[in-house]
Amino acid sequence: MKKIFLLFISTLLLSAALRAQDAETRLKTKGIVLTPPSGPIANYVNAVRVGNLLYLSGKGPMKADNTNVTGKVGRELTLEQGYEAARLTAICHLAVLKSELGSLNKVKRIVKVLGMVNCTEDFKDQPKVINGYSDLMVEIFGDAGKHARSAVGMYALPMNIAVEIEVIVEVQE
Amino acid sequence: MKKIFLLFISTLLLSAALRAQDAETRLKTKGIVLTPPSGPIANYVNAVRVGNLLYLSGKGPMKADNTNVTGKVGRELTLEQGYEAARLTAICHLAVLKSELGSLNKVKRIVKVLGMVNCTEDFKDQPKVINGYSDLMVEIFGDAGKHARSAVGMYALPMNIAVEIEVIVEVQE
Amino acid sequence: MKKIFLLFISTLLLSAALRAQDAETRLKTKGIVLTPPSGPIANYVNAVRVGNLLYLSGKGPMKADNTNVTGKVGRELTLEQGYEAARLTAICHLAVLKSELGSLNKVKRIVKVLGMVNCTEDFKDQPKVINGYSDLMVEIFGDAGKHARSAVGMYALPMNIAVEIEVIVEVQE
Chain A
2 MKKIFLLFIS
12 TLLLSAALRA
22 QDAETRLKTK
32 GIVLTPPSGP
42 IANYVNAVRV
52 GNLLYLSGKG
62 PMKADNTNVT
72 GKVGRELTLE
82 QGYEAARLTA
92 ICHLAVLKSE
102 LGSLNKVKRI
112 VKVLGMVNCT
122 EDFKDQPKVI
132 NGYSDLMVEI
142 FGDAGKHARS
152 AVGMYALPMN
162 IAVEIEVIVE
172 VQE
Chain B
2 MKKIFLLFIS
12 TLLLSAALRA
22 QDAETRLKTK
32 GIVLTPPSGP
42 IANYVNAVRV
52 GNLLYLSGKG
62 PMKADNTNVT
72 GKVGRELTLE
82 QGYEAARLTA
92 ICHLAVLKSE
102 LGSLNKVKRI
112 VKVLGMVNCT
122 EDFKDQPKVI
132 NGYSDLMVEI
142 FGDAGKHARS
152 AVGMYALPMN
162 IAVEIEVIVE
172 VQE
Chain C
2 MKKIFLLFIS
12 TLLLSAALRA
22 QDAETRLKTK
32 GIVLTPPSGP
42 IANYVNAVRV
52 GNLLYLSGKG
62 PMKADNTNVT
72 GKVGRELTLE
82 QGYEAARLTA
92 ICHLAVLKSE
102 LGSLNKVKRI
112 VKVLGMVNCT
122 EDFKDQPKVI
132 NGYSDLMVEI
142 FGDAGKHARS
152 AVGMYALPMN
162 IAVEIEVIVE
172 VQE
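Those sequence lines, one after another, are chains A, B and C. Per the numbering used here: the first sequence = residues 2 to 174. Per the numbering used here: the second sequence = residues 2 to 174. Per the numbering used here: the third sequence = residues 2 to 174.
Check before you lean on any hint, since a few could be wrong.
[Unchecked claim] Anything over 12 Å on all C-beta distances counts as not near chain A; from chain B, calculated: (1) 58; (2) 73; (3) 115; (4) 165; (5) 167.
[Unchecked claim] Among the chain C residues that face chain A by a calculated CB cut under 8 Å, a handful are: (6) 26; (7) 50; (8) 152; (9) 156; (10) 160; (11) 161.
FYI, nobody ran anything at the bench for these hints, they're computed from the structure. The beta-carbon is built from N, C-alpha and C at its ideal position, and this holds for glycine as well.
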């Protein structure tokens, strides 16, 4: 009886530990390295917290060399390149979350995503582009990464970046 | 005296009952039938709840036959057709709310709408298009349907849908 | 000892008073006069409050004579004129806040801004345009004016206005 109890407790602790490590562990497993986010060079900030909600500023597809993926999907970029750009943007947001919260494990839920794709007028697959962002969020946070979302096509974005995405995140108290 | 008191109580109960039935009753009166919303076919969901707020994913003007109203307002579509498309989008959101909450009567307030119109460059009447969405919300929810709103013109939308609209809704505890 | 205590208390009260007067005082110092905001002429409202959050409807660059700055940045308007248009839009939002709250001093934090610039396809400086909005918010509210932000380029806006901006504001209880 005592053994069963200990086994039960151990299982509880282990599963809790696994859960707690999830996001950070998954990030490492994927070999994604987060560098401190660039600060905005104007009168705004990367994130504002109100209660348990964290509002993140729109970010673009910044690469490891600090340059951005630029151009319009449907003209300079293929759908696949757009998807990769959206994935890079997700990594930028993860870096902001890490910087704001200390650990990605403090993320409770990815709540709402507005995915804006720099594209041609006849491009119709904005959702498939923004999937690059959504897929990474679910790879890192599991079901807690599933969010409400809009994906739309833009006429012009800053510095001609391929996508700009903003997000609202629920964090643990 | 006792009669007056009973009358008073009855009136209170009746008005409370009417209020409680309002949204669902109005929906029926209008002959609007809600079908279960289509699930997103990617790593996102129709709605995420945080506290009393429900964030709904952007939806388009899906018709009863599961096809969408497509085209640009100002070119393939008239203002009136755009208005109808926005109204259809509101019905899609009502279906999501019904599915999430069980009853539309649990809606406390339509809080914030972002209405995006697929249109020509010289089209200037986005607000009149998005009125198709706002009007239906007020027809169903009364004053609780009045929301903060932005209405803007888009270069391209998924599958060339005529409008995409997202909304934040306050729900009862 | 008693004197030091009184001095301490006086300093506390004085600094609290200064803080409390800040936004309204700064507004006056700048000679900005707020006129009551125009009501939306449709089924929506200027602002909806949920808890401590105030969601403001998208506004445009309305001038003192009630006409709007119109045209596309990069064609009819220069970057500087776009900046001024964004600043005018901030003043419109201040007028809404004043009308809703009675005093700008009840603003706790400017939380999240979505800045949409009516621009040409090759325009890349949307952030510098929306700085006109962000700068004024920080001039009026200090650090509490610093917000999360997205700045993007639009194909078309209502009445061909130069910018449309929406904002979420945290208010004091």
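Outcome of the hint check:
1. 58: Residue 58/B is in fact no farther than 12 Å from some Cβ atom of chain A, at 4 Å.
2. 73: 9 Å, violated
3. 115: 8 Å, violated
4. 165: Not fine: 6 Å to the nearest Cβ puts residue 165/B too close to chain A.
5. 167: 5 Å, violated
6. 26: Check failed: Cβ of residue 26/C comes no nearer than 19 Å to chain A, outside 8 Å.
7. 50: 13 Å, violated
8. 152: With a minimum Cβ separation of about 6 Å from chain A (threshold 8 Å), the hint on residue 152/C holds.
9. 156: 4 Å, holds
10. 160: 18 Å, violated
11. 161: 14 Å, violated
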